[in-house]
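**Q** Residue strings, one per chain:
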Amino acid sequence: MSQYRLEVRVKPRPGLLDPQGKAVHHSLNSLGWDGVGDVRVGKAIYIDMDAESPDAALEAVEVMCRKLLANPVTEDFEVSLVGEAEGADS
Amino acid sequence: MKVAVITFPGSNCDYDLYKAAQQVGGDATFMWHRERGLAGYDAVLLPGGFSYGDYLRAGAIARMSPIMEDVIAFANTGGPVLGICNGFQILCESGLLPGALMHNKSMRFQSKDVFLRVERADTLFTADYEEGQILRIPIAHGEGNYEADRETLEALESEGRVVFRYVDSNGGTSDGANPNGSWHDIAGITNESGNVLGMMPHPERAMEELLGSTDGIALFTSLVASLQTS
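For the protein sequence lines, the chains are A and B, in the order given.
Under the numbering used here, the first sequence has 15 at position 15, and the numbering climbs by one with no breaks.
Under the numbering used here, the second sequence has 228 at position 228, and the numbering climbs by one with no breaks.
By construction, these hints were calculated from the structure, which means they are not laboratory data.
Fair warning: there could be bad hints in the mix.
Said to hold, decoys possible - Mimicking DMTMM-like on lysine to aspartate or glutamate, the simulated pairs with C-alpha atoms at most 20 Å apart in a straight line are:
1) A/LYS67 - A/GLU78
2) A/LYS43 - A/GLU7
3) A/LYS67 - B/GLU209
4) B/LYS112 - B/GLU209
5) B/LYS2 - B/ASP27
6) A/LYS22 - B/ASP175
7) A/LYS11 - A/ASP38
8) A/LYS67 - A/ASP34
9) A/LYS22 - A/GLU75
10) A/LYS67 - B/ASP54
11) B/LYS105 - A/ASP38
12) A/LYS43 - B/ASP54
13) B/LYS2 - B/ASP16
14) A/LYS11 - A/GLU78
15) A/LYS11 - B/ASP54
16) B/LYS112 - B/ASP42
17) A/LYS67 - B/GLU69
18) A/LYS22 - A/GLU7
19) B/LYS112 - B/ASP168
20) A/LYS11 - A/GLU75
21) B/LYS105 - A/GLU75
22) B/LYS2 - B/GLU35
23) B/LYS2 - B/ASP42
24) A/LYS11 - B/ASP149
As the list claims (entries may be wrong) - Covered by chain A, according to a simulated footprint, are these stretches of chain B (three or more residues, beta-carbon under 8 Å):
25) 50–60
26) 99–109
27) 146–152
Note that beta-carbon positions come from the ideal geometry of N, C-alpha and C, so glycine has one too.
The whole structure should be built from the sequences, with the hints applied where relevant.
**A** Right, dumping it as structure tokens:
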């Protein structure tokens, strides 16, 4: 059993209006960043967990995403392993 | 007629809902979200508020509360369930209603009276209204922008499951009358079998002339009457 750190990126689905992204977009434009064409705001969730293997950890977090962390109606998600958590014994 | 009002940490319309149920002759009881068992209850009401501080997504954490397993079972056996505002968000998160409630298009929290058109007067919750009746009911939410995929929206419309729509005072739909950017101006919908209603506006805050409107009363009298005749 090792401890892994996983990163979940939850993003508004393409094509859906993202009012938060739009507000940030306007602010960036008003700061002078005229080249900014689109902004979408999502969130990142970091999870430290024990698992038998990196694949098992990834699989578990995918299930967490479908059950709780992302709303399938409005959000997409990506899960990646960002390393072994500190203090892991391998 | 026993009515359970479920209180989650962060609910803030539970007393209003309790009082609304009592006002029309219901025997209301508060239930804490960690309690279990809805045997003996005739209806379940999920109040507005900010359960769990709207962390993650509005309603997403409350949906995992122990009592929600019982609420889902109650609804699946035909028991009437009404979710208002955060209650509607919890119903969507729990899968009892389709779709999701996103941030208002304006990015502003909207707290004001709106006009609603009663699209269906043949539900458990709306029999004491007239179809096409215009109601004046307050809203107070930051995430009321109803969103669903195209098939779901088509099903909601073709099956007549849109119960309330945002309109102007003359009953017409327009961008200006829609406070949150909701698709098809949707303010309230039912599930397929019609026993679960979710709505963003607050009928429980429209129960007293002194407070500006009594247009919410008929929703609660409809519910009580449907339970007495069933």
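**Q** Now, for every hint given, state plainly whether the structure supports it.
**A** Comparing the hints with the structure gives:
1. Pair hint A/LYS67 plus A/GLU78 holds up; C-alpha atoms about 14 Å apart against a cutoff of 20 Å.
2. Proximity of A/LYS43 to A/GLU7 is assessed by CA-CA distance (about 10 Å); at most 20 Å being required, the pair is judged to hold.
3. As the CA atoms of A/LYS67 and B/GLU209 are separated by approximately 44 Å, the hinted pair breaks the 20 Å bound.
4. A C-alpha spacing of about 16 Å is found between B/LYS112 and B/GLU209, which places the hinted pair at or below 20 Å, so the restraint holds.
5. Of the supplied pair hints, the one linking B/LYS2 and B/ASP27 holds, its CA atoms being roughly 5 Å apart against a limit of 20 Å.
6. Pair hint A/LYS22 plus B/ASP175 holds up; C-alpha atoms about 18 Å apart against a cutoff of 20 Å.
7. Distance check on the hinted pair: A/LYS11 and A/ASP38 sit about 14 Å apart at the alpha-carbon level, within 20 Å; holds.
8. Using a Cα cut-off of 20 Å, the hinted pair A/LYS67 and A/ASP34 is violated, with the two alpha carbons roughly 39 Å apart.
9. Restraint check for A/LYS22 and A/GLU75: satisfied, since their Cα atoms lie roughly 16 Å apart, inside the 20 Å limit.
10. About 17 Å separates the Cα atoms of A/LYS67 and B/ASP54, which keeps this hinted pair within 20 Å; it holds.
11. For the proposed pair B/LYS105 and A/ASP38, the alpha carbon gap of about 16 Å is at most 20 Å, so the pair holds.
12. A threshold of 20 Å between alpha carbons decides the hint, and for A/LYS43 with B/ASP54 the separation of about 14 Å falls inside it, so the pair holds.
13. Between B/LYS2 and B/ASP16 the alpha-carbon distance is near 16 Å, which keeps this suggested pair within the 20 Å criterion.
14. The suggested pairing of A/LYS11 with A/GLU78 holds, with an alpha-carbon distance near 9 Å, which does not exceed 20 Å.
15. Restraint check: the Cα-Cα separation between A/LYS11 and B/ASP54 comes to about 18 Å, which is no more than 20 Å; the hinted pair holds.
16. Between the alpha carbons of B/LYS112 and B/ASP42 the distance comes to roughly 32 Å, so the proposed pair goes past 20 Å and is violated.
17. Simply put, A/LYS67 and B/GLU69 have alpha-carbon atoms about 14 Å apart, close enough for the 20 Å limit, and the pair holds.
18. Taking the CA atoms of A/LYS22 and A/GLU7, the gap is about 25 Å. The hint is violated against a cut of 20 Å.
19. In summary, the hint linking B/LYS112 to B/ASP168 is supported, as the alpha carbons are separated by about 13 Å, within the 20 Å threshold.
20. Taking the CA atoms of A/LYS11 and A/GLU75, the gap is near 5 Å; set against the 20 Å cutoff, the hint holds.
21. For the given pair, B/LYS105 sits about 16 Å from A/GLU75 by alpha-carbon distance, which is consistent with the 20 Å threshold.
22. Between B/LYS2 and B/GLU35, the direct Cα distance comes to roughly 16 Å. Compliance with the 20 Å bound is thereby established for this hinted pair.
23. Only pairs whose Cα atoms come within 20 Å are accepted, and B/LYS2 paired with B/ASP42 is accepted, the gap being roughly 5 Å.
24. The straight-line distance between the Cα atoms of A/LYS11 and B/ASP149 is roughly 17 Å, inside the 20 Å bound, and the hint therefore holds.
25. By the rule of at least three residues with a Cβ nearer than 8 Å to a Cβ of chain A, the coverage given for the segment 50–60 of chain B holds, with 3 such residues.
26. Only residues whose beta carbon comes within less than 8 Å of a beta carbon in chain A count, and the segment 99–109 of chain B has 8; three or more means the coverage holds.
27. Here's how the segment 146–152 of chain B fares: 3 of its residues keep a CB closer than 8 Å to some CB of chain A, so the rule of at least three is met and the hint holds.
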